[in-house]
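Trainee: Here are the chains, one letter per residue:
Protein chains: 2
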Amino acid sequence: MNDKAAIDFWFDFSSPYGYLMAEKIDAIAAKHGRQVKWHPVLLGVIFQATGSRPPADAVSSKGKYMLHDFARSARHMGIPYNPPSRFPLPTQNAARAYYWLHGQDCALARRFALAVYLGFFVDDLDISSPEIVLEIAAKIGVDRNSLATALQSPEIKARLKDECDAALKAGVFGSPHVIIDGEPFFGADRLPQIERWLETGGF
Amino acid sequence: MNDKAAIDFWFDFSSPYGYLMAEKIDAIAAKHGRQVKWHPVLLGVIFQATGSRPPADAVSSKGKYMLHDFARSARHMGIPYNPPSRFPLPTQNAARAYYWLHGQDCALARRFALAVYLGFFVDDLDISSPEIVLEIAAKIGVDRNSLATALQSPEIKARLKDECDAALKAGVFGSPHVIIDGEPFFGADRLPQIERWLETGGF
Chain R
1 MNDKAAIDFW FDFSSPYGYL MAEKIDAIAA KHGRQVKWHP VLLGVIFQAT GSRPPADAVS
61 SKGKYMLHDF ARSARHMGIP YNPPSRFPLP TQNAARAYYW LHGQDCALAR RFALAVYLGF
121 FVDDLDISSP EIVLEIAAKI GVDRNSLATA LQSPEIKARL KDECDAALKA GVFGSPHVII
181 DGEPFFGADR LPQIERWLET GGF
Chain L
1 MNDKAAIDFW FDFSSPYGYL MAEKIDAIAA KHGRQVKWHP VLLGVIFQAT GSRPPADAVS
61 SKGKYMLHDF ARSARHMGIP YNPPSRFPLP TQNAARAYYW LHGQDCALAR RFALAVYLGF
121 FVDDLDISSP EIVLEIAAKI GVDRNSLATA LQSPEIKARL KDECDAALKA GVFGSPHVII
181 DGEPFFGADR LPQIERWLET GGF
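Note that the protein sequences, when read in sequence, are chains R and L.
So that you can map any letter, position 103 of the first sequence is 103 in UniProt numbering, and since no number is skipped, the others follow by simple counting.
So that you can map any letter, position 121 of the second sequence is 121 in UniProt numbering, and since no number is skipped, the others follow by simple counting.
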């Protein structure tokens, strides 16, 4: 068994840098004997509470740069990426599905999360749609009707709300946000620092 | 002589990540046979024109994170860093001094720029003050009276304004912003991508 504390990984399913982190963090953590707790949250809620703003839009020079940087960063990290035609998207259905699945089967929930990210950032699926979320889940063996019912349940809605509250309490202001033994790392570009932190226990 | 185009490096003297980039970019460029053109600009002007906002304040969770990340990123990159007690600061005096010196002696202007950054981010000097700027310059052999006169000259004020306009035209929205053959890189954390771009000619 593992006696080191799990790493917390906070993200929104609509976040390109969240996707890049999702593709890497488990393997890096495992190399250092760590588990990762995944926490999908809603950036809309986080931005509203923190007075922050989405980092990218399609028209400003910063927005144009970021769309360019998403793709270049993916190539730099060796991760497939196709710019989604609808972006960003609301992700409460995907996040609720994740938490319900996690209550049934952690490993399946992880596979679902990665499938949602690939669906959005490789296959250009509209992951805001409950139908698409159900389809992605069904493809990896989830019972479609049970999940459809769960997506409407007050418990699952409350769970996502609780996770957003917990994110804010933990100081999360964007996606991805990784916390290792209380040390926060924001952005997929902090992976080299994360690796070094795990190797050395802090620097 | 060097037939590859120079790299453009846009920065504000009050930008911690600009300082980290300034400590590294010349050596990395030189390894690949490139010169670097340094362009100090005023982030206040850039933010106002682009509708952007300063990334850090002292109270929000994002602001607190960034203050923490400045120091950790400096340690990660092996660069000395002491959080300035006054931050951020207006930098028009330092930037004007840079452009005047650059007209006299490029190499001296470069030494001055690095001395300003070290003055601010290591020795906690108030680099907004014309007196401090003159002192930093005098220490590396600049004639204090000539520089004091130059800081008031309409030509030097216009030069800084022109550089800010040129930055906006080049798509600059923050500091540091590096452009290699038209390819933009924002942030000191893009150094690994910059190195790879220079090595491979693009990826």
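Hint data in this document are derived by calculation from the structure and do not stem from the laboratory.
It is possible that some hints are incorrect.
The list cannot tell twin chains apart, which means a pair is met if one copy fits it or any two copies do.
As the list claims (entries may be wrong) - Think about it this way: if two alpha-carbon atoms lie no more than 25 Å apart in a straight line, the pair counts; the simulated DSS-like pairs of lysine-lysine are:
#, residue 1, residue 2
1, K62, K169
2, K4, K157
3, K62, K37
4, K157, K37
Trainee: Run every hint past the structure and note whether it holds.
Mentor: Consistency of the hints with the structure:
{"no.": "1", "hint": "K62 <-> K169", "verdict": "between (29 Å within a copy, 13 Å between copies)"}
{"no.": "2", "hint": "K4 <-> K157", "verdict": "neither (31 Å within a copy, 57 Å between copies)"}
{"no.": "3", "hint": "K62 <-> K37", "verdict": "between (31 Å within a copy, 22 Å between copies)"}
{"no.": "4", "hint": "K157 <-> K37", "verdict": "within (19 Å within a copy, 53 Å between copies)"}
In terms of the numbered hints stated before, the structure departs from hint 2 and from no other.
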